[in-house]
Amino acid sequence: MSITSFYFLVFITIGVAFYYVLPKKIQWVVLLLLSLVFYYFAAVPYTIGYLAASTLIAYFSTLWMKRKREKQNQDAKVLPVTMIALLINIAIWFVVKGRDLWFPFASGFMARHDVLQIDAEINLRMIASLGMGYYTLQIMGYIIDCYWQNAVPQKNPLKLFLFVSYFPQLTTGPISRYAQLETLYERHKFEYQNISFGAQRILWGFTKKIVLAERIGIIVSALNSDMSTYTGFYSWIAILLYPLQMYADFSGCMDIVLGVSELFGIRLAENFHNPFFARTSQEFWQRWHITLGTWAKDYVLYPLLKSKRMIRFGKFTRKKFGKKAGKFLVNMAGMFILWMVMGIWHGGLRYIAGVSLWYWVILMLGDLFAPVFLKITNKLEMKTDSFAWHFFQSGRTYLIYAVGATFFSVGVTDGIYRLKDALKVLCVKNYANPWIFFDQSILNLGVTWGDINLIIFVSVIVLLVAILREKHGYARIWVQQQCFIFRWMIWISLFIIVLIWGKYGPGYDASIFIYEGF
Amino acid sequence: MTKEEVYKRLNEVFREVLDDDSIELHDETVADDVDGWDSFEHINLIVGVEEEFGFKIPMGKVVTMKNVGEMVDIILEMGK
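Each protein sequence line maps, in turn, to chains A and B.
According to the working numbering, the first sequence is numbered sequentially starting from 1.
According to the working numbering, the second sequence is numbered sequentially starting from 1.
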């Protein structure tokens, strides 16, 4: 059962009815049961054992922490147990989900055996649980919060299990914090606004995912399937369209997830905040996959920077190379580790190259040359608060992201091939093939002119919604302020668009989200 | 230690770490209000504060403090 399927909609409708009809005291139990039912239909059922294992590790380790602190004092030594609990969680994830990271090395040792057969066997036996990358980070965050005494350990193991297995966030996150999700256990009154806002957001998510992302996906996969044929401007189309597909796909999924959760009166953390409006790459990452970024900052970067070794390293570099260069070196080291963690979390070389190394280099160069850029813009008396300048900066940021996303999409070797090919358009004489935009060539990619018009049309709506969001917090708040007829016209039109032009139904598998695999 | 004293010393720490003598902190000051106060400088500031006031700020507080006011409260609390 994918969250874009008809059955899922039936499932949540029944779920919401039970949730508000049954006594409020057991609302959290309803959520837990719904999560189990969802898991049964959406994943390989027995893999829920992984979720249970992670929950139990967190449950016992944090309660042990609490008892020890009560018995002795607040400074009682609880770090070893915390570390063990975290390491077990990492180990489970690494063995099951990080297979691409260790199998190539392990296969070297197994050279005498049939590597492919072993690979297939591992594949068969070690099926990952749904949302492992997401809930593992979430439960690790909980353990660390308890260690830091920012959270009080949950006494009821079933309640903690709900925190791990809460079904909306199993598909692609967000990675929630325990403190934010404690509302899971509270009583929720039926409120019309939660239902209407939730439903609207689900509808909007469907539009982005099954109307826009799926259509762009057809073009991008056609282009990726035969790179030696699709060269020149085709490469540019692939490079520039993929970020948009990824955004529509991932943020569309988040809209469905957050909308579903809102139906139950539970607000999940936002994962996107108009990333393509970002002026710099640094800002981009504060607006894209936000919960992963803040998780890594709070639980990896800060403890790392505040460790004795890092502080000593910082003092050493400042003394040796001066204040500015010293700080830059610490930045470089810290950023490197932060981005490696993000790359490894994505679980493969292409992500480490596409996400981590590329961004690390870009952010470091940006840092290094920031004073020079500032001088240039001052000298040329650029109006840095003008629309044109913002547009230029956002365009540049988009392009930088598109390069990284190319690796993410097709892997390192093919990514380099494609980027080189795109550059040839600019450097090699007679290499450009602009006529593909005007003759019927594009139609060989599996889309019609109608599809292309629809892509443009929905992209414009996405842009309008983004502008409204920037100005009003949420676009739907603006819609809510409009008159009755206009309001309903908007929602009914969206509904019709999804119904007519959505890619769904038998024979069509829209169930896979790009970010579902993590 | 009074609040004014804490602010006086805190301003010095911030000016020194961020190389900006114009910094003037208030209860509501947040990272966005101060040029250069990013994730990395946040930790440099915390270390600067620890050295100035002579105690360690627990990690749990480092990640949750929202503005300078909270930082001052922590310092007053720890310095008791």
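Do not rely on the hints blindly, as some may be mistaken.
[To be verified] Here are the simulated DMTMM-like cross-link-like pairs (lysine to aspartate or glutamate), alpha carbons at most 25 Å apart as the crow flies: (1) A/Lys320 / B/Glu12; (2) A/Lys308 / B/Glu12; (3) A/Lys155 / A/Glu186; (4) A/Lys315 / B/Asp27; (5) A/Lys471 / B/Asp33; (6) A/Lys379 / B/Glu12.
Please keep in mind that the hints were generated in silico from the structure rather than gathered at the bench.
On a predicted model such as this, the values are computed, not experimentally measured, just so you know.
Structure-based check of all given hints:
1. A/Lys320 / B/Glu12: holds (24 Å)
2. A/Lys308 / B/Glu12: Holds - the C-alpha atoms of B/Glu12 and A/Lys308 are around 23 Å apart, at most 25 Å.
3. A/Lys155 / A/Glu186: holds (15 Å)
4. A/Lys315 / B/Asp27: violated (29 Å)
5. A/Lys471 / B/Asp33: Satisfied, since the Cα-Cα distance of roughly 20 Å is no more than 25 Å.
6. A/Lys379 / B/Glu12: violated (32 Å)
In this structure, the hints that do not hold are numbers 4 and 6, in rising order.
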